[in-house]
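Numbering (the working numbering), first residue to last: 1 to 586.
Since the hints were derived computationally from the structure, they do not count as laboratory data.
Heads up, some of the hints might be wrong.
Below, in silico cross-link-like pairs of lysine-lysine (DSSO-like), each with a Cα-Cα straight-line distance of 30 Å or less [what the hints assert, rightly or not]:
id, residue 1, residue 2
1, K539, K527
2, K553, K539
3, K521, K469
4, K521, K539
5, K469, K553
6, K527, K553
7, K469, K527
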Amino acid sequence: MTATSTSTSTLPSTVTPIPTVTPAQDPTSAQCTDPSNAAELEQGIPGGFDPALLQRLIDQGIFLETAAGLVAAAPADAAPEPVLVEHEKNLLAAVLVGPGDQRERWGQFRRAIGLRFDELVPGSLWSQPGLRALALEIDELFRGQRDVAVLNATAIREDLQRRALDGRFRGSLQQLEEALREVIAWGEDGQPHPELEFSLACQLFQSAKARAVFYPGLRRLMAREQRDGGIDAELERCRELLNEATAITAGRFRSQMEICSAADAATECIALASLPEEQRPQPISTGIPSLDVDMRGGVLPGTGDSTWVLAARSGVGKTTVAIAAAMGLAINGASVLVLSCELSQRAIGARLLSHYCRRASGGFSSRYSSNALEGRAEVIAGRDLERLQQLSSQFAEGIAPNGERMGRVLYQSQFAATAEELAALVEDCKSAHPELAAVVLDHFHAMGPTAGYGSNTTAELAARATTIKAMAGRCELDVLVVAQLNRGAYGNPSGPDVSHLAGTSELERYASAVWLIDRPKADEFGKPQAGVLEVHHGKARHGQLSGEDDCSKTRIRLDRGHCYLEADEARHLFAGHDLYPGVECL
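Given only the sequences and the hints, what does the whole structure look like? Please build it.
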């Protein structure tokens, strides 16, 4: 290795070059104290080497001796930049300061850096141990791994204290408490912190973190500019740094790569194909045979990625069927989320509970209809009220009418929410409840428009369908999308078909099955039969379980007051199964 003065002009200003060293310039040299040797010392050493100085640099760890010669040692990790620490505090303070529940904000941060529902926030994002421990504690609470369901500083402190008293806490309680106090003091110091506006706090954190990742690595690469050797390794390292920094700012941060190989396919397929029948996971029924026949039996939790479209004209009963399917899945053990863009939370809850009450009664009863549970019908009192309180308690505790455990039932009203807002909510819910298997969206055409499309409704609806399909894949969910039929479905002699889906063909294109619901008529001038609907099977991507039977159209009968399926023509296809208690065969 050579170190000459002629090479120093090409080095960047941030790198200190190795000078041409003479004994006169080395203050540790004994010869420099002898003026009689000055002339000799000024001549320098040919080649610019000073063995004593190089040895000291090796001893100090600045150079390493290798088989290829001397190489520069990697510099010790520098202390985190104060600006980065400030942005980390801004982000955490925006989540922790205040009395409200801030889980939505933490979910926004997770989405901003591109985490999947099943991924943890990486500890490597945080530069200080205390902030790192606090961030991981927040993430555990968000993902439902703690005893509290509210995210703020008070909730975290109380949970830590309770776990410490119970002997369930592992780690440094003092470190977490100090970090918590520091972050709260930072957010409540009386100084203006515009960064506490959370979207801005996320962006500033991402930018600062990307800089902290990229620039130190770039400086280390520049310090190696004069080293002999191939450049391929340097270019590869530069690419890695650039990709890591870009992933943080562009929302593609991942704790691990998820690219599979042929070996992965072989291993997984052999394991699945050889799994004994009794050990294989079984699909969970919707409780509606006409739907199950196109869904290969129902929903398989943990493997979902499909959208299923249930469409009808206004007032026919598409929401009623969707609620019945959601409750069928839940009672059979799948966790379900119901999101409505046109029903209030009170209305959704009343429909869910009325179905449960109807199922528990074992037969038709006009009591406990959805209207009654909304306070819009007769007053419930006396023994009826006692029975309702008993059933409500069982429903709240997740006990099915047959005494088995139900899946979790979640719901929320989101008037005029955009597809992107609903997708964000679903991803947060999936992170907090990993067992979530299915989502009901009611309905596609009641969602709010996404900005940027103007009057191009067709393009906006196509993008909406794409967003929902992508959400299903990312979250490993089955999504039942309720939709509207256009005017062409009115009076069509053969009944509605997929071409009557309003607005876009993308909804049908992505769907694994499409059901189009209409009211049948006895004759041209007759009235529709009460509660009876026709289900037109417009698409079945995976085929049907009907064998040779024609299932292009089936009939069902609903108790609309309780969102409950009473009878289904497709019931005979599942003869001998106990999946549909109380459901008759039409």
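Checked hints:
1. As the CA atoms of K539 and K527 are separated by approximately 28 Å, the hinted pair is consistent with the 30 Å bound.
2. A threshold of 30 Å between alpha carbons decides the hint, and for K553 with K539 the separation of about 11 Å falls inside it, so the pair holds.
3. Between K521 and K469, the direct Cα distance comes to roughly 35 Å. Violation of the 30 Å bound is thereby established for this hinted pair.
4. Taking the CA atoms of K521 and K539, the gap is near 23 Å; set against the 30 Å cutoff, the hint holds.
5. Of the pairs offered as hints, the one joining K469 and K553 holds, with about 26 Å between alpha carbons and a cut-off of 30 Å not exceeded.
6. Distance restraint check for K527 and K553: the Cα-Cα separation of roughly 20 Å lies within the 30 Å cut-off, and the hinted pair is therefore satisfied.
7. At roughly 38 Å between alpha-carbon atoms, K469 and K527 are farther apart than 30 Å, so this suggested pair is violated.
When the structure is compared with the earlier hints, violations turn up for hints 3 and 7 and for no others.
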